[in-house]
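Read off the chains here:
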Amino acid sequence: AQSVSQHNHHVILSEAASLELGCNYSYGGTVNLFWYVQYPGQHLQLLLKYFSGDPLVKGIKGFEAEFIKSKFSFNLRKPSVQWSDTAEYFCAVNGDTDKLIFGTGTRLQVFP
Amino acid sequence: GAVVSQHPSWVICKSGTSVKIECRSLDFQATTMFWYRQFPKQSLMLMATSNEGSKATYEQGVEKDKFLINHASLTLSTLTVTSAHPEDSSFYICSADPGNGHEQFFGPGTRLTVL
Chain A
1 AQSVSQHNHH VILSEAASLE LGCNYSYGGT VNLFWYVQYP GQHLQLLLKY
51 FSGDPLVKGI KGFEAEFIKS KFSFNLRKPS VQWSDTAEYF CAVNGDTDKL
101 IFGTGTRLQV FP
Chain B
113 GAVVSQHPSW VICKSGTSVK IECRSLDFQA TTMFWYRQFP KQSLMLMATS
163 NEGSKATYEQ GVEKDKFLIN HASLTLSTLT VTSAHPEDSS FYICSADPGN
213 GHEQFFGPGT RLTVL
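Residue numbers (my numbering), protein chains in the order written: chain A, 1 to 112; chain B, 113 to 227.
To be clear, the hints were calculated from the coordinates, so they are not data collected in a lab.
The reader is advised that the hints may include incorrect statements.
[To be verified] Under the rule of at most 30 Å between Cα atoms (straight-line distance), these lysine-lysine pairs were calculated in the BS3-like manner:
{"id": "1", "chain 1": "A", "residue 1": "K58", "chain 2": "B", "residue 2": "K153"}
{"id": "2", "chain 1": "A", "residue 1": "K71", "chain 2": "B", "residue 2": "K153"}
{"id": "3", "chain 1": "B", "residue 1": "K126", "chain 2": "A", "residue 2": "K49"}
[What the hints assert, rightly or not] Computed Cβ-Cβ distance ranges for the label pairs, DEER-style:
{"id": "4", "chain 1": "A", "residue 1": "P40", "chain 2": "B", "residue 2": "C125", "range": "48 to 54 Å"}
{"id": "5", "chain 1": "A", "residue 1": "I12", "chain 2": "B", "residue 2": "D139", "range": "35 to 41 Å"}
{"id": "6", "chain 1": "B", "residue 1": "S166", "chain 2": "A", "residue 2": "N8", "range": "36 to 42 Å"}
{"id": "7", "chain 1": "B", "residue 1": "T129", "chain 2": "A", "residue 2": "S26", "range": "21 to 27 Å"}
{"id": "8", "chain 1": "B", "residue 1": "S121", "chain 2": "A", "residue 2": "K71", "range": "38 to 44 Å"}
{"id": "9", "chain 1": "B", "residue 1": "S130", "chain 2": "A", "residue 2": "G29", "range": "37 to 43 Å"}
{"id": "10", "chain 1": "B", "residue 1": "L227", "chain 2": "A", "residue 2": "Q82", "range": "36 to 42 Å"}
{"id": "11", "chain 1": "B", "residue 1": "K176", "chain 2": "A", "residue 2": "S70", "range": "39 to 45 Å"}
{"id": "12", "chain 1": "B", "residue 1": "E175", "chain 2": "A", "residue 2": "Q45", "range": "26 to 32 Å"}
{"id": "13", "chain 1": "B", "residue 1": "R223", "chain 2": "A", "residue 2": "I12", "range": "23 to 29 Å"}
{"id": "14", "chain 1": "A", "residue 1": "K58", "chain 2": "B", "residue 2": "H119", "range": "40 to 46 Å"}
{"id": "15", "chain 1": "B", "residue 1": "E171", "chain 2": "A", "residue 2": "E15", "range": "37 to 43 Å"}
Cβ atoms here follow ideal geometry from the backbone N, Cα and C, with glycine treated the same way.
Just need the whole structure built from these sequences, with the hints factored in.
As structure tokens, this is what we get:
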């Protein structure tokens, strides 16, 4: 069965700090990988996605993620966070079905 | 493009009543819609997959008689929580797949509080 783990449950950073959120998945076949963001009081928004091709994926708002197949990882990065990046971040995977399996989420707090 | 709406955005009801939540894809057709439940500070748990014109597929542990799903058209799916109880209080989120099999677009969610 597919599963997704996010190791960082709560991350606190100061503005301009660099960010890396871990995501590992468990699935033996071809996967599609996603990072979603949920700002306070808002709905889930897609940050970026990986289907195939270049394993370094660039998304919105300066975020990027790297798919490392050998490590079953899809970590999210941003070189310099802003206060407005305060949100909940979810990694998600789907394999041979359309079902999205979500990680438990990482709460990011950025202080000015 | 790719906007999904939910109605209502929040609802409070008495224990034992039924509540219907609508999910609409506003600018695309969705053969498949998904219903999730999100507990406070937790992740989204898939409840069921709703396919237009056929019965929904429920995830293990989800009571199909409790959570009735209807996907009557390519732009509308409804979730009815029947005989709601306080433990059904949660944030219910739908998503819609425009058909490329890869990306889902999420609605804003419906917060259900059962007194």
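Against the structure, the hints come out as follows:
With a C-alpha separation of about 27 Å, the suggested pair K58/A and K153/B falls inside the 30 Å cut-off, and the hint holds. For the hint pairing K71/A with K153/B, the CA-to-CA distance comes to about 27 Å; that is within 30 Å, so the pair holds. For the hint linking K126/B to K49/A, the alpha-carbon distance of about 41 Å lies beyond 30 Å, and the restraint is violated. Roughly 25 Å separates the CB atoms of P40/A and C125/B, a value that falls outside the hinted 48 to 54 Å.
One distance hint, 35 to 41 Å for the beta-carbon pair I12/A and D139/B, holds here, with the actual separation near 38 Å. A hinted range of 36 to 42 Å for the beta carbons of S166/B and N8/A is consistent with their spacing of about 40 Å. Distance hint check for T129/B and S26/A: the Cβ-Cβ separation is about 40 Å, which falls outside the suggested range of 21 to 27 Å. Between S121/B and K71/A the CB atoms are about 40 Å apart, so this pair conforms to the stated range of 38 to 44 Å.
A hinted range of 37 to 43 Å for the beta carbons of S130/B and G29/A is consistent with their spacing of about 40 Å. Evaluation of the 36 to 42 Å hint for L227/B and Q82/A yields a pass: the beta carbon distance comes to about 40 Å. Against the hinted window of 39 to 45 Å, the Cβ-Cβ separation of K176/B and S70/A comes to about 40 Å, which satisfies the hint. About 30 Å separates the C-beta atoms of E175/B and Q45/A, a value consistent with the hinted range of 26 to 32 Å.
Between R223/B and I12/A the CB atoms are about 27 Å apart, so this pair conforms to the stated range of 23 to 29 Å. Distance hint for K58/A and H119/B: a CB-CB separation of about 35 Å, inconsistent with the stated range 40 to 46 Å. The beta-carbon spacing between E171/B and E15/A, approximately 40 Å, falls within the hinted interval of 37 to 43 Å.
In the structure shown, a violation is registered for the earlier hints numbered 3, 4, 7, 14, in ascending order.
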